[in-house]
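Please take these sequences and the hints and turn them into a complete structure.
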Amino acid sequence: MKLEKLVGDRFRERPSDCSIDSHALMVRGGYMKYVANGIFSSYMPLKRITRKIEQIIREEMDAIDGQEVQFPVVMPASIWQESGRYESIGKEMARFHDRSGSPLVLGMTHEEAAVHLVRDYGQSYMKYPFMIYQIQTKFRDEARPRAGLIRVREFTMKDAYSFHTSQADLEDYYAKCHKAYERIYARAGLPEVISVASDSGMMGGNISHEFMLLTPIGEDSIAICTECDYRANMEAAECIIHSERSDASQELVLVHTPSIYTIEDVCEFLHCDEKTSCKAVVYQRNLDDHYIVLFIRGDLEVNETKLTNYLGCDIHPAIITEESGLNAGYIGPVNLSGNFTVLYDRSLKGMNNLSCGANVYEYHYTGLDMKRDIEGAEYHDFAKIQEGGICPHCGKPAITVSRGIEVGNIFQLGTKYTKSMNMTYIDTNEEAQYPVMGCYGIGVGRLAASICEAHHDDYGPIWPLTVAPWQVHLCALRADDAEVQDYADKLYEELKNKGVEVIYDDRRVSAGVMFSDADLIGVPFRVIVSPRNIKQKVIEIVSRDKSLSINVSMTSAVEEIMKILSAAK
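Start counting the sequence shown at 1; every next residue gets the next number (our numbering).
Keep in mind that the hints were calculated from the coordinates and are not lab data.
Predicted model only: the values in this text are computed from it and were never measured.
Don't take every hint at face value.
[What the hints assert, rightly or not] Here are the simulated DSSO-like pairs of lysine-lysine, each with C-alpha atoms no more than 27 angstroms apart in a straight line:
hint	residue 1	residue 2
1	569	535
2	419	349
3	47	496
4	2	419
5	5	33
6	419	496
7	47	498
8	127	179
9	535	546
10	176	535
11	2	371
12	490	535
13	5	419
[Unchecked claim] Beta-carbon label-pair distances, calculated as ranges:
hint	residue 1	residue 2	range
14	261	401	25 to 33 angstroms
15	566	531	44 to 52 angstroms
16	19	316	21 to 29 angstroms
17	545	88	22 to 30 angstroms
18	168	13	33 to 41 angstroms
19	168	262	46 to 54 angstroms
20	549	494	46 to 54 angstroms
21	88	168	25 to 33 angstroms
22	424	41	14 to 22 angstroms
Virtual Cβ for every residue (Gly too), placed ideally from N, Cα, C.
See below:
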């Protein structure tokens, strides 16, 4: 490929709307173009990168007996109604009608389509286990697309679905797929990706893992124990609290707290620690605006994913009105009356001598004893794990919180979809059973952007050889020099004949412009032909990551380049 023919412009200035480096570099380098919010077109360099990523994924999925299929982008609402997700998924799913009025959806995930495809095939236990996968464009109407390809609305994804006759068989295959994912990330140049326990969300199932690239620009928070191998998404991490009960309980005393609303101000006014306070956090159900009042220790935050999973419905922060019966800023568990769902975080279990709202305007209580004053309360884990918190595995206060980009996920779905869609097989006892499913996803574009985010400098991406758009960037400095042009042309043809992927720059531009473009394209190895080199009978080979810079004889250039490429694989 000659650079002068490459569609897409490269430029020096960082776009003002790019919040992270990978987004800015991929726009500046002519990889993609904005079309609409969360929707991009790909130029040739990005397409070549994603094609290589897809091939790595295919090889690893095929190695664990995956069979590539393709599901439709547009699906009838009926199969989503079978699973119940047509009603339960919100605005993220695009719904529309065809010309005859039949309801359709745009595929945002394909569990239903997978079951539909194999429902008739898998009627005997002898057909199991098997796994099918596809690599296809999907659409999810994200509320807040951001950071280029990191969070988009239209995206290409590999999604795989395995079917089993037992939970044990699913767990065995789940472990194989976990290993395959580790190989995918290592081959794509991201061996530092880690897996973390996660929340299954709308996918369902009890066990799931996310694969995370740890980076400060990540939108997910990861709890990691420094003493053991525990790693979990904050949404799924259990919060362990050792509450300390005082030997003697104080009396419950009503205290006037004028114009004080926040837990910080209340504790300052009462001269107490937030750990000895009980605060109320109020939500409403999306469906009917019913109020949910959650009481939690004052220094902790609510994990809304845990709360949503417990309630089994979507919620939003409450708008507290005068008619609600709640005194905003003064809500407490004593004498709380009204049509509310009242919940208690286990951080409060057994605690005494707490401060809390009194459900009276400008008044709080001190001396709250949960055992004495709130009889019959049930306690559940609704809190976010904290930096320095107790590890759920080893029990040591060694939790650190890091940021990460999710670059893949795997789920043990169980029978959620096969049961709801009535997919059965006949077992060895001639009885009907529901197959057990697993689900395994990787976002291709997000993975490409994550590789760029992890491997770049101030001047451009540093693509790993396995996914780079080209292997060699041939630069002919002073191509107006006949000797330079002649040698560079011959070298270009020889490398192509050897099967080397070459981007060739023989434009009549300055060295600064040529090298700036080469940095933005980020090819692993740069070969420089110049008048000075020609006089010395050498060419220069430089790696994009600056780890290699050598001169080799013009007569042995092809051989030396092939050796370098072979050693780098």
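Hint check:
1. 569 x 535: 32 angstroms, violated
2. 419 x 349: 38 angstroms, violated
3. 47 x 496: 20 angstroms, holds
4. 2 x 419: 55 angstroms, violated
5. 5 x 33: 18 angstroms, holds
6. 419 x 496: 54 angstroms, violated
7. 47 x 498: OK: residue 47 and residue 498 at ~23 angstroms, within 27 angstroms.
8. 127 x 179: 24 angstroms, holds
9. 535 x 546: 25 angstroms, holds
10. 176 x 535: Violated. Residue 176 to residue 535 sits at ~56 angstroms, over the 27 angstroms cutoff.
11. 2 x 371: 77 angstroms, violated
12. 490 x 535: Holds, at about 17 angstroms.
13. 5 x 419: Roughly 54 angstroms between the alpha carbons, so the hint for residue 5 and residue 419 is violated.
14. 261 x 401: 25 to 33 angstroms: Holds: the Cβ-Cβ distance is about 28 angstroms, inside 25 to 33 angstroms.
15. 566 x 531: 44 to 52 angstroms: The hinted range 44 to 52 angstroms is violated for residue 566 and residue 531, with Cβ atoms some 30 angstroms apart.
16. 19 x 316: 21 to 29 angstroms: Between residue 19 and residue 316, where Cβ atoms are some 26 angstroms apart, the hint holds.
17. 545 x 88: 22 to 30 angstroms: With Cβ atoms ~47 angstroms apart, the hint is violated.
18. 168 x 13: 33 to 41 angstroms: 57 angstroms, violated
19. 168 x 262: 46 to 54 angstroms: Holds, at about 51 angstroms.
20. 549 x 494: 46 to 54 angstroms: 22 angstroms, violated
21. 88 x 168: 25 to 33 angstroms: 29 angstroms, holds
22. 424 x 41: 14 to 22 angstroms: Violated, at about 44 angstroms.
Of the numbered hints stated above, those contradicted by the structure are hints 1, 2, 4, 6, 10, 11, 13, 15, 17, 18, 20 and 22, listed in ascending order.
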